[in-house]
Amino acid sequence: MSYLNITEVESAVTSLATAFPGTSELIDLPEPSVEERACHALRIGAAPSGTNDCAVLIGGVHAREWGSCEILIHLVADLLEAYDAGTGLGYGGTTFTADDVRKILRELDLVVFPLVNPDGRRYSQTVEPLWRKNRNPARSGGDPERIGVDINRNYDFLFDFATAFHPTAAPRVSTDPGDIVYQGPEPFSEPETRNVRWLFDTWPRTRWFVDVHSYSEDMLTVWGDDENQSDDGLQNFLNPDFDHLRGLGADVYGEFLAKSDADDSTVLAERFCAAVHGVRGRTYRAMSGYQLYPTSGTSDDYAYSRHIVDRRKGKILGFTVEWGDEAGGFHPPWAEMKRIVRDVDAGLVQFCLAALA
Amino acid sequence: MSSTCQPILRVRVHARDAETLRALLRDTRPDVGGIAHRADDGSCSIVAYVSPDQAEALEREGVSVTTIDDAAAKGRARQAEVGDGDRFAPADAVPHGLADKI
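Respectively, the protein sequence lines represent chains A and B.
Add 1 to the 1-based position in the first sequence for the working numbering, that's all there is to it.
Take the second sequence: its letter number 59 is residue 50 in the working numbering, and every next letter is one higher.
Some hints here could point you the wrong way.
What the hints assert, rightly or not - Here are the simulated DSSO-like cross-link-like pairs (lysine-lysine), alpha carbons at most 27 Å apart as the crow flies:
hint, chain 1, residue 1, chain 2, residue 2
1, A, Lys104, A, Lys339
2, A, Lys314, A, Lys104
3, A, Lys260, A, Lys316
4, A, Lys104, B, Lys65
5, A, Lys314, B, Lys65
6, B, Lys92, A, Lys316
7, A, Lys314, A, Lys260
Note that these hints are calculated values from the structure, not bench results.
Using the sequences and the hints, build the whole thing.
See below:
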C-alpha cells in the first residue's frame, strides 16, 4: 500500500459500497469538479438513511494534504469490516469493543466524502506537490500562477473579510487569484464547495462535521475569525456594528458561541485528542480555529453558522483536524503516514462515540 | 505557488516577539504551515513555504530565517510513493482498514 491516486480513491469508495451493501451506500455528488471529474461519498450505517443523526466527514480539500483521503478511506473500511465480522477495533493503545462499533453503525448516519478536490490532488501528486487550491482557471487570465481557488475559503462565512475584519487583523484569506488562499469571486463559486453544502442540505439531521486537514496535530473547534466568548450575544458575525473590529483576539470583539455548544465542542475535541494520544502517545491539542490563525470562509465555521443564519436549519458542530507534525509536513513518508492514519482514525471513532453519548 | 521544478524552501521564521511575527505575516503573506510556536522568552517561530527570493524578503530587524529543506524537491520525491494504476480495480479488491480487528 502507498498513497492513493485519485482513481484509487474513487474505486476504493465504490468497492467498499459494493462489498458492504447492507451497511453502505454510494452517494453521487451532484456536481463534477472543475475538470469534470465525478465525485462520490459513502454513507455508512445499518439503519435506513435519515433514521439517525448524521456526522459528515470530508477530506482531500487542500490538494497537498494527501493523507486526508487515506484517513477517511481506512476509517470507513475499519468500521465496515469490524461491523461485518462482529469485532472491535485496535489502534495501538486505543481500543474499541464490538459493541462500540455496533453503536456507531446502528445509531449514526456517517457520511464520508474523502476527496473533495480531485483535480488539485491529481496536480499535486503528479506535477506540483505543494499545490493547495482547486484547478479552476476562470480568474487566472491565462497565467498558470493564478489558477485555482482555496476551497476552504470559499464557504459563506464572513466572505467580505475586508469589511468584517480589523484592518490589521490580516486574516489568512485573499481576493488575489495569485494568492494561495484566494477565496474565489463569491461564496460557493466552486463546485467542490457546493458539493459539501449539498451534503448538509441532503442530510438535514447532520449534527457534527469534521474537515480533515494537515498539519500541526490539532483538533480545531469553531470559531476561526476571532476568540470565542459566551457572554455577549450581540458580538456575532451577523452584527454590522462590529465590522472592522474582528480578528484581533483582544478585548474589542469575541465571536459569540453559546456556552453549551462551546462545552460540547470542547468535550468532543478533547475526547478525539485523548484517543489519538492513546494510540502511540502523540499529543494533539484541542483549540478554536482562531488559535491557528484568523480566517474567513472556512467549512467548519460555515457548518456551525448555518443554524444562526437560518433558524430552520439544524445545528452542526464544526471541527477541523490538522493531522501530522512539522517534521513530516504535508507529505510524510508512507510508513509514517500509516501511523498517522491509525492515530486519527482512533480519534474519529472516539469522536463518533462521544457524539452519540 | 510557483511552477514546477523551482525550489520552494521550507523555512523556519524566528521573530523576537509575537507582534513582530504578526507584522511580518501581515506584510509579506507567506504560505505558512501549522501554527506559530511561542518560546518562554516571548520569541515566536513558524514554518513557511517560500521561494528563495521570498525567503530573503522575510529577513528584517527582529526576524531570522533558517532554511530547513527544499519542500518542492522533497514532495516530488514523495510522488514516487503514490499508487500506480488502480489497486481496487479487480472485483474482489477492497481496501482494508489499518486497525487490528479484535
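Outcome of the hint check:
Of the pairs offered as hints, the one joining Lys104/A and Lys339/A holds, with about 26 Å between alpha carbons and a cut-off of 27 Å not exceeded. Note on Lys314/A and Lys104/A: the hinted pairing holds, with a Cα-Cα distance of about 26 Å set against a maximum of 27 Å. Taken as a hint, the Lys260/A and Lys316/A pair is honoured in the structure, with Cα atoms around 14 Å apart against an allowance of 27 Å. For the hint linking Lys104/A to Lys65/B, the alpha-carbon distance of about 42 Å lies beyond 27 Å, and the restraint is violated.
About 45 Å separates the Cα atoms of Lys314/A and Lys65/B, which puts this hinted pair outside 27 Å; it is violated. Distance check on the hinted pair: Lys92/B and Lys316/A sit about 34 Å apart at the alpha-carbon level, beyond 27 Å; violated. Between the alpha carbons of Lys314/A and Lys260/A the distance comes to roughly 20 Å, so the proposed pair stays at or under 27 Å and holds.
When each numbered hint is compared with the structure, violations occur for hints 4, 5 and 6.
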